[in-house]
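Engineer: Working from the sequences, and respecting the hints, build out all of it.
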Amino acid sequence: MNIDEITEFLGALDGVLILRPGPGDGTPEIAWGDKFFYYAPDGEIPANTQPFATVVTKNYPDDERSRLDRSGVFRVNIQVGTELFTTWTGRAPRDPEPTDTDPSVTDTVIAHPVYGKLGWLAVVAPGPRTTETIRELLRVAYDRACSRTRRRTESR
Numbered sequence: 053m054n055i056d057e058i059t060e061f062l063g064a065l066d067g068v069l070i071l072r073p074g075p076g077d078g079t080p081e082i083a084w085g086d087k088f089f090y091y092a093p094d095g096e097i098p099a100n101t102q103p104f105a106t107v108v109t110k111n112y113p114d115d116e117r118s119r120l121d122r123s124g125v126f127r128v129n130i131q132v133g134t135e136l137f138t139t140w141t142g143r144a145p146r147d148p149e150p151t152d153t154d155p156s157v158t159d160t161v162i163a164h165p166v167y168g169k170l171g172w173l174a175v176v177a178p179g180p181r182t183t184e185t186i187r188e189l190l191r192v193a194y195d196r197a198c199s200r201t202r203r204r205t206e207s208r
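Under my numbering, think of the first position of the sequence shown as 53, with each following residue one higher.
Don't read these hints as lab results, they were simulated from the structure. There's no promise every hint is true.
As the list claims (entries may be wrong) - Derived pair list, reagent style SDA-like, types lysine to any residue, alpha-carbon separation capped at 20 Å:
1) K169 <-> T134
2) K110 <-> P73
3) K110 <-> I82
4) K169 <-> R196
5) K169 <-> V157
6) K110 <-> V157
7) K169 <-> S156
8) K110 <-> P75
9) K169 <-> V192
10) K110 <-> N54
11) K110 <-> R72
12) K110 <-> V125
13) K110 <-> D121
14) K169 <-> P150
15) K110 <-> G179
16) K110 <-> D154
17) K110 <-> T79
18) K169 <-> Q102
19) K169 <-> T153
20) K110 <-> E81
21) K169 <-> R143
22) K110 <-> T59
23) K110 <-> S123
24) K110 <-> V161
25) K169 <-> P155
26) K110 <-> M53
27) K169 <-> D154
28) K110 <-> R122
29) K169 <-> T138
30) K110 <-> E57
As the list claims (entries may be wrong) - For each label pair, taking beta carbons as the anchor points, the in silico distance ranges come out as:
31) E57 <-> W84: 16 to 22 Å
32) D195 <-> P148: 27 to 33 Å
33) D66 <-> N100: 19 to 25 Å
34) A64 <-> D94: 15 to 21 Å
35) P113 <-> S199: 30 to 36 Å
36) E81 <-> S199: 30 to 36 Å
Here a beta-carbon is modelled for each residue, glycine too, at the ideal position from N, C-alpha and C.
Structural biologist: Structure (structure tokens):
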């Protein structure tokens, strides 16, 4: 599964806003080339809301362990919440990360190396083993984002 396939899959869902930082748009240069996926039925980046999924194409400060500096390697990050995170990792998000964890392993669902504590999963260099799983996890993250937006809207 490549970046375009992920973008096409999410872009086909109702209300998804895709932020594509690049030169001249006022975003930090470090974010150029990455993608951020929001549930935003009004087409505006929601205030006080994180994206429900991201694709990063390079190392960020304090987030180098996935080794995204390898040629052609990117990481898809998915906010799935506590329950699904625990199902996939065998531990609660705030539990200590096992010392033998390798966040550079490819085509494998892992705890996000920085945001795992917040219920994020990740896949470095998605491939045939994780393609269907990524679609399922992205759908869950999308549904969760829709639900959060509905709850916020109804409480106004």
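Engineer: Hint by hint, note whether the structure agrees.
Structural biologist: Hints, one by one, checked against the model:
no.	hint	verdict
1	K169 <-> T134	holds (9 Å)
2	K110 <-> P73	holds (13 Å)
3	K110 <-> I82	holds (8 Å)
4	K169 <-> R196	holds (17 Å)
5	K169 <-> V157	holds (19 Å)
6	K110 <-> V157	holds (15 Å)
7	K169 <-> S156	holds (18 Å)
8	K110 <-> P75	holds (16 Å)
9	K169 <-> V192	holds (18 Å)
10	K110 <-> N54	holds (15 Å)
11	K110 <-> R72	holds (14 Å)
12	K110 <-> V125	holds (8 Å)
13	K110 <-> D121	holds (6 Å)
14	K169 <-> P150	holds (13 Å)
15	K110 <-> G179	holds (18 Å)
16	K110 <-> D154	holds (17 Å)
17	K110 <-> T79	holds (16 Å)
18	K169 <-> Q102	holds (15 Å)
19	K169 <-> T153	holds (14 Å)
20	K110 <-> E81	holds (11 Å)
21	K169 <-> R143	holds (10 Å)
22	K110 <-> T59	holds (17 Å)
23	K110 <-> S123	holds (10 Å)
24	K110 <-> V161	holds (18 Å)
25	K169 <-> P155	holds (14 Å)
26	K110 <-> M53	holds (17 Å)
27	K169 <-> D154	holds (16 Å)
28	K110 <-> R122	holds (9 Å)
29	K169 <-> T138	holds (11 Å)
30	K110 <-> E57	holds (18 Å)
31	E57 <-> W84: 16 to 22 Å	holds (21 Å)
32	D195 <-> P148: 27 to 33 Å	holds (29 Å)
33	D66 <-> N100: 19 to 25 Å	holds (22 Å)
34	A64 <-> D94: 15 to 21 Å	holds (18 Å)
35	P113 <-> S199: 30 to 36 Å	holds (32 Å)
36	E81 <-> S199: 30 to 36 Å	holds (34 Å)
Going through the hint list in order, the structure satisfies each hint without exception.
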